[in-house]
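Chains as they are written, first to last, in the working numbering: chain A, 6 to 85; chain B, 6 to 85; chain C, 1210 to 1370; chain D, 1210 to 1370.
Read the hints as simulated data drawn from the structure, not as lab findings. Among the hints, a few may not be true.
[Said to hold, decoys possible] Here are a few chain C residues that sit away from chain D, every Cβ distance over 12 Å (derived from the structure):
id: 1; residue: R1255
id: 2; residue: A1281
id: 3; residue: Q1282
id: 4; residue: M1284
id: 5; residue: V1298
id: 6; residue: M1328
[What the hints assert, rightly or not] Below, a list of computed lysine to any residue pairs in the SDA-like style, where the Cα atoms sit at most 20 Å apart:
id: 7; chain 1: A; residue 1: K9; chain 2: C; residue 2: P1270
id: 8; chain 1: B; residue 1: K60; chain 2: D; residue 2: E1278
id: 9; chain 1: B; residue 1: K60; chain 2: D; residue 2: L1273
Think of the CB as a built atom: it goes at the ideal place given N, C-alpha and C, for glycine as much as any other residue.
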Amino acid sequence: MSVKVLFLGPLADLEGASEREFDAPLDWPGLLSQVSDNVAGQLLEARVNIACGGKVLPEKTTLQARDGDEVALLPPVSGG
Amino acid sequence: MSVKVLFLGPLADLEGASEREFDAPLDWPGLLSQVSDNVAGQLLEARVNIACGGKVLPEKTTLQARDGDEVALLPPVSGG
Amino acid sequence: MARIAVNAPVDVRVLENGFSVGEALAAFNAAHPDSGGITSFVGTVRPDGEVKALELTHYEPLTLPGMEEIAAQAMERWSLDGMLAWHRVGMLTPGQSIVLVAAAARHRRAAFEATDFVMDHLKSAAWFWKREQRGTGADGAWHWISPRDADYSDRARWEKE
Amino acid sequence: MARIAVNAPVDVRVLENGFSVGEALAAFNAAHPDSGGITSFVGTVRPDGEVKALELTHYEPLTLPGMEEIAAQAMERWSLDGMLAWHRVGMLTPGQSIVLVAAAARHRRAAFEATDFVMDHLKSAAWFWKREQRGTGADGAWHWISPRDADYSDRARWEKE
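Input sequences plus hints: build the corresponding full structure.
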């Protein structure tokens, strides 16, 4: 009964890990309370997105991850 | 004592020749009177330029070609 | 003759290994023989300063679908015969190509604008993160590259009213 | 490795014979290893309709100096590492390349705009004239291609206030 949370890009450095397992179900308050303070601060920024089950959430505070879901924390991108 | 006049692009079709020799010196009225009527009509269009001695004339009515000069009649271009 | 083939009309790839820009463009040209104009952009790891390496990470479930969506938007917005968008991931060294975008169109303005549009979106609206290794030590230090303000304003140019 | 070499920073050519776009761009990339971005445009004889051939004539005393002036304006107006502008003359068949323009720059917007600028000027402000052979007979009929209104308005975009 767990949710895999991935820390992408610079968030992995802030968390000190590129992925962690949290108990399912996992919602927005549960996520904020279990990640590091630095990452929690980042998650409150508008430019940081969350994907669940391979879909970016239009509104990240609606996160409702269930057992087996993969949640990705997506900081501002820089491609090209 | 002659000036070589080149008819570039579609002007060669209008003139029926790609080059002709005119007596030197050759000025703007002399040019207009010796080319075909069709080409003379084109020369009066703002988008038709004249080069003399390898330089485009800023004001074509100032043409003053001397013996040995090459005069080029340059219709609207289409490159690329 | 090109040794590689590209898909028509749209060829979008996330590449784990290096690629030849010349071969890719030759193949793209070959795939669009009826297009009057082809515009391309290639972005390369600059060997400036002390940069030793560039690492590009991505989030695989989103990366390719996101790039395909960007290409589809370009195909819909302009009258294009074809579009290519290739983006590297992994470890790159100075001089290697990061990204290649090309557009084939009957008219050159469409090709220019579509290539420009796709690049602006790959820069700041596709799921890549990059960091550079700089410094003089054996390992050097890694620095994440943040998007520049210009990257956001470049992309905002395309927002419809 | 590229079999041809391009001059840096500026390589302007009027070409009597066909050229390989892939090789030219590979050589241009090789000549500008420090540039982060390279934009290119290639224009090709379209095999649409009944076109059998395209003939490009020019006025040699003006052609190359005029193209060099266009390239110099681009180098002055944008911060560029390099510029390539090649234009064919003579008889071309469908599928052959007419023109290749490329710009190398640190920032991609400069490369895009400079390539766009040079193309707009080669279209309607360089000393080339082109005509197409169309039709079903053995010889077909030749038709001069006039510049389009769009060619003039595209170029007018670059006029400074």
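*Which numbered conditions among the earlier hints are violated in the structure presented, ordered from lowest to highest?*
Checked against the structure, the hints that fail are numbers 1, 6, while the rest are satisfied.
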